[in-house]
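*Asks:* Below, each chain spelled out in residue letters.
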Amino acid sequence: MTHNPLCKPWEHRLSRRQWLGGAAGAAAGAFGLGDITSPAFAADLKKKYKQVLFIWLDGGISQLESWDPKPNTEFGGPFRTIPTSIPGVHFSELLPHTAKQMQHLAVVRSLCTQDDAHSSGIERIQRGDPKNRGVVYPYFSAAVTKLLGPNDSGLPPSVWIKPMSGGFIYKDAGFLGPQYGSLAFGDGKPPENLLRHSSVNDQDLLERSQLRTLADKRYSQTHRAGSTEANSFVYDMGLELMKRQDLFDASKFSPRDVERYGTHDLGRHLLLARRMLEAGVTFVKVNSYGWDSHGDNFNGSLSLVRKFDQPFAAIIEDLAATGMLDNVLVIAMSEFGRTPRVNGHLGRDHWPEAWSLVMAGCGVKRGVVVGSTNDNGTYVNSEPYDIGHMFHTWFNALGINSQKTEYNNNGQPLPIAHEGCHPVKELLA
Amino acid sequence: MSASQRTTRSAGLTISLWVALWMALAAGFTPIAFADELPARIDALIASVAKDSPLGTSSDDATFVRRVYLDLAGRIPSWQEATAFLDNKEANKRTQLIDTLLAGSEYPRRMQDLFHAMLMERRGDSPEWTKFLQTSFEANKPWDQLVREILDPDPNNEAIRGAAFFHTKRLEKVGQQETDYPGLTRDVGRLFLGMDLQCAQCHNHLFIESYKQVDFQGLYTVYQNTFIRNDLKFPAIGEKVLTKKADFSSVFDKVALTTGPRVPGGKEIEIPTFEKNEEYLVPPDKKTNFSGTPRFRPMQFLATELPISGNKAFANNIANRLWFVMMGRGLVNPLDQQHAANRPSHPELLDLLSQEIVAQKFDMKSMLRQLALTETYQRATLLPAGTEPPKPETYRIANEKRLSAEQLMTSVLVATGSRDKPREVEMEKFRAAFVKAFGNVPQDPEVEFSPSLKSSLFVLNDPLVLDCLVPQPGNLVERLLKTTDSGALADELYLSILTRKPTDEERAAVVEYLTKNAERRPAAVTNLSWALLASTEFCLNH
Numbered sequence: 001m002t003h004n005p006l007c008k009p010w011e012h013r014l015s016r017r018q019w020l021g022g023a024a025g026a027a028a029g030a031f032g033l034g035d036i037t038s039p040a041f042a043a044d045l046k047k048k049y050k051q052v053l054f055i056w057l058d059g060g061i062s063q064l065e066s067w068d069p070k071p072n073t074e075f076g077g078p079f080r081t082i083p084t085s086i087p088g089v090h091f092s093e094l095l096p097h098t099a100k101q102m103q104h105l106a107v108v109r110s111l112c113t114q115d116d117a118h119s120s121g122i123e124r125i126q127r128g129d130p131k132n133r134g135v136v137y138p139y140f141s142a143a144v145t146k147l148l149g150p151n152d153s154g155l156p157p158s159v160w161i162k163p164m165s166g167g168f169i170y171k172d173a174g175f176l177g178p179q180y181g182s183l184a185f186g187d188g189k190p191p192e193n194l195l196r197h198s199s200v201n202d203q204d205l206l207e208r209s210q211l212r213t214l215a216d217k218r219y220s221q222t223h224r225a226g227s228t229e230a231n232s233f234v235y236d237m238g239l240e241l242m243k244r245q246d247l248f249d250a251s252k253f254s255p256r257d258v259e260r261y262g263t264h265d266l267g268r269h270l271l272l273a274r275r276m277l278e279a280g281v282t283f284v285k286v287n288s289y290g291w292d293s294h295g296d297n298f299n300g301s302l303s304l305v306r307k308f309d310q311p312f313a314a315i316i317e318d319l320a321a322t323g324m325l326d327n328v329l330v331i332a333m334s335e336f337g338r339t340p341r342v343n344g345h346l347g348r349d350h351w352p353e354a355w356s357l358v359m360a361g362c363g364v365k366r367g368v369v370v371g372s373t374n375d376n377g378t379y380v381n382s383e384p385y386d387i388g389h390m391f392h393t394w395f396n397a398l399g400i401n402s403q404k405t406e407y408n409n410n411g412q413p414l415p416i417a418h419e420g421c422h423p424v425k426e427l428l429a
Numbered sequence: 001m002s003a004s005q006r007t008t009r010s011a012g013l014t015i016s017l018w019v020a021l022w023m024a025l026a027a028g029f030t031p032i033a034f035a036d037e038l039p040a041r042i043d044a045l046i047a048s049v050a051k052d053s054p055l056g057t058s059s060d061d062a063t064f065v066r067r068v069y070l071d072l073a074g075r076i077p078s079w080q081e082a083t084a085f086l087d088n089k090e091a092n093k094r095t096q097l098i099d100t101l102l103a104g105s106e107y108p109r110r111m112q113d114l115f116h117a118m119l120m121e122r123r124g125d126s127p128e129w130t131k132f133l134q135t136s137f138e139a140n141k142p143w144d145q146l147v148r149e150i151l152d153p154d155p156n157n158e159a160i161r162g163a164a165f166f167h168t169k170r171l172e173k174v175g176q177q178e179t180d181y182p183g184l185t186r187d188v189g190r191l192f193l194g195m196d197l198q199c200a201q202c203h204n205h206l207f208i209e210s211y212k213q214v215d216f217q218g219l220y221t222v223y224q225n226t227f228i229r230n231d232l233k234f235p236a237i238g239e240k241v242l243t244k245k246a247d248f249s250s251v252f253d254k255v256a257l258t259t260g261p262r263v264p265g266g267k268e269i270e271i272p273t274f275e276k277n278e279e280y281l282v283p284p285d286k287k288t289n290f291s292g293t294p295r296f297r298p299m300q301f302l303a304t305e306l307p308i309s310g311n312k313a314f315a316n317n318i319a320n321r322l323w324f325v326m327m328g329r330g331l332v333n334p335l336d337q338q339h340a341a342n343r344p345s346h347p348e349l350l351d352l353l354s355q356e357i358v359a360q361k362f363d364m365k366s367m368l369r370q371l372a373l374t375e376t377y378q379r380a381t382l383l384p385a386g387t388e389p390p391k392p393e394t395y396r397i398a399n400e401k402r403l404s405a406e407q408l409m410t411s412v413l414v415a416t417g418s419r420d421k422p423r424e425v426e427m428e429k430f431r432a433a434f435v436k437a438f439g440n441v442p443q444d445p446e447v448e449f450s451p452s453l454k455s456s457l458f459v460l461n462d463p464l465v466l467d468c469l470v471p472q473p474g475n476l477v478e479r480l481l482k483t484t485d486s487g488a489l490a491d492e493l494y495l496s497i498l499t500r501k502p503t504d505e506e507r508a509a510v511v512e513y514l515t516k517n518a519e520r521r522p523a524a525v526t527n528l529s530w531a532l533l534a535s536t537e538f539c540l541n542h
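If you read the protein sequences in the order shown, they are chains L and H.
Numbered per this note's numbering, the first sequence spans residues 1 to 429.
Numbered per this note's numbering, the second sequence spans residues 1 to 542.
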């Protein structure tokens with residue numbers, strides 16, 4: 001098909017400007033920014049695509065065995081501390097690799113949140129625990145993909161790499177609507193129907209796409225534009241993802257990277273996450289399970305924290321080396337921390353009163369520790385921060401003014417982060 | 001329980017209502033249009049709002065036959081059916097076709113699929129619910145009766161007991177979440193009254209003056225008293241004895257208020273008191289795990305007071321929803337935002353339709369027929385050249401409509417000549433795959449065309465779709481491969497999939513493509529067929 005009369009799919013891909021302008025019509029308008037209110041916001045975003053890597057340690061990593069160790073105290077546990085690349089900052093000895101990357105990181109040691117149950121806590125934290133207005137708020141992933149809008153990667157804006165099953169996870173999107181849900185890759189595997197059927201070769205696939213595009217182009221000459229735009233958008237994204245099956249091909253990773261990240265779930269999944277970020281996915285979430293160490297916390301942490309340490313340090317190092325860290329916001333956290341008091345099963349229980357998280361990149365200040373806890377780690381003895389403060393901070397790191405931008409939920413204006421909280425200035429570069 | 005028994009038992013509750021209804025009728029509804037005049041009156045009201053803006057042209061026969069098959073039979077016509085209609089020279093052939101389809105065997109199934117998606121919003125299915133809808137639409141059951149059977153399901157009537165699924169599915173506990181009584185309350189308001197009272201749960205609605213907190217709470221009082229019966233093997237709902245009003249207060253002023261069961265906008269009913277041990281009509285039975293039938297049942301009260309001709313919101317809601325089904329956009333839009341601040345695009349028209357559906361005793365088939373006969377319905381979707389596209393709410397041109405997963409599935413089978421291929425068991429697999437790919441996610445109303453990555457990957461790569469394009473005796477691709485004349489092939493291809501002849505330009509493009517790919521004609525023919533199945537034109541009812 002040389003010089004064929006058919007047009008190419010990419011000629012029809014909606015320009016970023018069209019989407020941002022909210023001109024995509026009713027059917028596709030859901031992808032636009034038309035229902036966010038903030039003057040001059042869309043223009044700012046065009047400068048550089050921001051991305052997020054969100055690492056969720058499900059069940060609750062112990063702050064005492066990671067970011068806020070209290071050695072030789074009542075509740076300190078058996079592990080020692082080690083110095084990091086920033087003088088005066090110490091981590092638990094379970095984080096030897098990450099300690100070498102501290103110059104890129106910002107640690108918050110003064111989190112004080114509202115919920116000590118997993119079932120409700122996970123949702124409250126990931127939705128930013130806003131004031132109850134009778135609506136279900138979006139998870140951070142959905143909020144970010146909504147507020148940043150689409151980029152031109154042609155890939156799904158939000159993917160979730162997790163152990164076990166995958167699919168299209170839409171409930172996280174709350175009132176924003178299911179199109180802001182995540183495409184989940186169960187155990188890093190591709191979505192259903194991604195593989196080209198054996199009866200269709202590459203030439204067929206290309207021609208099918210061209211013929212469909214031609215048919216849609218003809219139809220749109222006499223009909224409202226929104227429908228064909230929406231239809232073309234999802235076919236182009238499907239074809240783009242089919243072309244990028246290499247994203248899921250573990251054999252394409254260099255042996256050195258595989259060794260640096262590790263062959264365990266979190267190692268493989270963070271390596272895949274790096275690839276997704278490089279390919280242009282806006283929001284990549286990686287889940288690790290099993291952190292709820294009510295029993296045998298210390299042996300558990302010995303194994304789990306180390307499994308986190310190795311690939312986390314590797315991805316921070318890689319993103320920094322390529323300069324991507326300037327535009328990728330990295331967050332690693334749980335729904336709460338763990339009790340300083342050690343229970344009868346040598347475990348630590350749920351503790352939202354005083355815990356830690358770590359972040360890096362994008363507009364986050366590098367090499368800082370913010371906040372502190374008292375000597376035995378039971379309570380925050382600096383200004384306590386709720387998850388709402390973190391949402392404000394993250395949005396601002398991404399270039400979104402969290403105190404001026406609002407969602408518009410069918411006429412109901414809704415703040416994007418809890419209005420009783422504010423961005424933490426010490427965390428912002 | 002028969003209708004007469006129900007009336008006797010609840011006579012005390014309903015007398016006031018019947019009086020109110022009689023008074024409303026006596027006070028003079030405007031005279032009802034003769035049924036035959038209705039389409040003309042509808043068209044006149046559309047034209048009067050459009051004023052000087054020109055109305056679009058009538059659809060051609062090919063567009064019409066496709067549209068009306070999709071709306072009334074749930075699928076596109078086969079190429080033979082389309083040809084028969086196009087060749088028919090009779091002047092009233094459109095009316096004939098409408099009547100044929102409404103009388104046909106596929107109409108009840110189309111209604112069943114339509115109302116399943118509308119009422120359950122893809123939460124899931126149950127054979128008992130399917131049976132309820134099927135028997136209801138086979139009998140052309142009036143809407144008020146259908147809703148009455150849903151609002152107070154009768155577990156003793158095998159044909160309709162599955163109506164309880166509307167409630168039981170919504171009361172199922174999901175994970176560690178609380179039973180969603182507020183969600184059920186909200187859906188009753190949304191789907192039967194066109195009123196989304198969600199924001200009125202905690203306070204009077206901030207922006208919608210007519211939605212009061214007591215409207216939500218009066219319904220909620222009914223539903224927070226219900227539970228899924230576990231003594232029966234089919235979906236069934238039970239009620240506890242209700243002895244006192246529900247307390248509530250606005251989150252704003254915290255003033256303590258109470259209400260008993262109440263239809264939104266209606267009068268609160270007093271909760272009767274009974275002597276001890278007299279509160280049950282049928283007492284609980286521990287042996288059978290039967291929870292008892294209270295003498296006072298708020299669900300029975302709702303079923304008697306809500307779906308009635310005197311309830312304007314109820315009549316408006318179904319009039320608006322049937323209009324939406326045929327015209328692609330509600331006169332009140334969104335469909336569940338019926339209130340004073342969200343005026344219908346054509347208030348007089350909604351009044352007319354609402355009165356008409358009451359006059360026709362909630363006969364939905366009759367209403368759909370009247371709507372199908374209008375010029376408004378039969379107009380083309382083509383944009384007028386050289387001017388701004390008309391706003392959808394003007395109906396100056398017809399609006400494109402999303403095809404449901406069920407319409408798409410059956411249409412793919414018809415288009416590709418595979419209709420007889422799947423056997424009964426495979427058919428369910430086929431249906432489930434299409435619903436998964438094209439249905440909205442649970443609890444999301446299917447209103448607009450909303451393709452997804454899931455649906456595009458399904459059409460691109462799923463064997464269920466691609467197998468329909470493998471040549472089989474008598475199917476589309478096999479017929480096309482037998483056609484050596486490429487122009488004739490283009491005609492048959494377009495007629496089979498898009499229910500129209502190709503334009504000269506389209507025919508030439510097909511011929512050129514086939515000529516260039518003469519040495520791989522089977523693949524080329526398959527590619528052409530696939531492209532039309534994936535096209536926007538095929539995925540819409542235009």
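Each hint should be verified, as a subset may be incorrect.
[As the list claims (entries may be wrong)] Over 10 Å on every C-beta distance to chain H, these chain L residues come out as not near it, computed from the model:
{"#": "1", "residue": "Ala-279"}
{"#": "2", "residue": "His-345"}
{"#": "3", "residue": "Gly-411"}
[What the hints assert, rightly or not] Computed cross-link-like contacts, PhoX-like style, restricted to lysine-lysine with a CA-CA straight-line distance of at most 25 Å:
{"#": "4", "chain 1": "L", "residue 1": "Lys-131", "chain 2": "H", "residue 2": "Lys-436"}
{"#": "5", "chain 1": "H", "residue 1": "Lys-169", "chain 2": "H", "residue 2": "Lys-240"}
{"#": "6", "chain 1": "L", "residue 1": "Lys-189", "chain 2": "H", "residue 2": "Lys-516"}
Hints listed in this document are in silico derivations from the structure and should not be mistaken for laboratory results.
C-beta atoms are modelled at their ideal positions from N, C-alpha and C, and glycine is treated no differently.
*Asks:* Hint by hint, which ones does the structure fall short of?
*Replies:* Structure breaks hints 3, 4 and 6.
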